[in-house]
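Protein chains in written order, with this note's numbering: chain D, 113 to 237; chain R, 105 to 221; chain A, 131 to 226.
Simulated from the structure, these hints should not be mistaken for laboratory data.
Note that the structure is predicted; figures quoted are calculated from it, not measured.
Hints are not guaranteed to be accurate.
Unchecked claim - Quick list of in silico lysine to aspartate or glutamate cross-link-like pairs, EDC-like style, CA-CA up to 20 Å:
id: 1; chain 1: R; residue 1: K190; chain 2: D; residue 2: D142
id: 2; chain 1: R; residue 1: K190; chain 2: R; residue 2: D153
id: 3; chain 1: R; residue 1: K190; chain 2: R; residue 2: E157
id: 4; chain 1: R; residue 1: K190; chain 2: D; residue 2: D185
id: 5; chain 1: D; residue 1: K178; chain 2: D; residue 2: E139
id: 6; chain 1: R; residue 1: K206; chain 2: D; residue 2: D142
id: 7; chain 1: R; residue 1: K180; chain 2: D; residue 2: E193
id: 8; chain 1: R; residue 1: K216; chain 2: D; residue 2: D142
id: 9; chain 1: D; residue 1: K152; chain 2: D; residue 2: D122
id: 10; chain 1: R; residue 1: K180; chain 2: D; residue 2: E139
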Amino acid sequence: MSSPSDANGDLLIILRHAPHGSSWLREGLDAALVAAAFGKSVSLLFQGDGIMALIPGQGAGALGQKGTAATLDMLAMYDIESLYVDASALDRFGMTPDDLQLPALPVDDATISRLIAVHRLILTF
Amino acid sequence: MASTEIDRYLTVVERDVALDPEGYLVNLADWSPEVAQAMAREEGRELTDEHWEVITVIRDFYARYETSPAMRPLVKAVAQALGAEKGRSLHLMKLFPDSPAKEAARLAGLPKPANCL
Amino acid sequence: MILHILNRSPGTSLVYRDTLSAMGPEDRLLLTEDGVLGALTSQVRHFQAVQGRLFALREDLVARGLIGRCDETVQVVDVDGFVTLTEEADKTVSWF
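So here's chain D without its partners, still in its complex pose (with noise of 0.2 Å):
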């Protein structure tokens, strides 16, 4: 398991909803952008069912809902490049790092314990 080393962010976002479910991995999308639109160094974890926004062919919902996977390509261009994803989530949907649409670091429970600790704020969606 690798070890985050640029993990000391003004903000970490938990992503774990997973898409079109709930409006809550937008919201925790727009969150990011917008911190990060004002210059802060945002830091995103995919949590539980939150690894489902990294599932690459996702598509609008059936009643035409925007999707996220644009918004989550769009990450970059707002600088939001530290990307985490839960290892145990990832296993558990019998899914690898290779199966993702983003290149997230995969990171067991003791780094998602110091991921919390060492950013200056937390927010949950």
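Fit chains R and A to the given chain D structure using the hints.
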């Protein structure tokens, strides 16, 4: 986001294009280069090649990410597409005074950037 | 020390697992709202990993008629105690 409230019409080549209270297009599909020119002319400005290349960049950004960029990502996108010399806020401020991300999005026929002062 | 605040019952939501896995060795866990169901003697086994660092909000236990069924290993705090826990923590993280 562009609101759906029609505030007034802009006449472009004999056609009325609906604008919202902040001057953004109500229907994004109404955009054409002539619309951008008419918008700029209303404010007493002419669009130069340097304006057009930024308008192209911001429209590409929207096509790819489905969102109008705030200032930082706009600067980054311009730098990636047009080089570091132009990918600076100063350059964009010169072309689109006051609030480049908003004004470039407006002229490019895109919604008002959400995460933007 | 980080104060984690959990407002979901272990019976209806697995968020408590993510909470526990994100907690450091000194961190504390406060159960609020439906989270206090986890403080019952019949449920508290889910929180064995944080025994001694587990708190539950008195007002939420009382409102649900559960104050008498709260396990003795859980430290019951009122709203003032909640404030004190917050003050003692470097930061708080909410889980829902």
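_List of violated hint numbers, smallest to largest_ = Those not satisfied are hints 1, 4 and 10.
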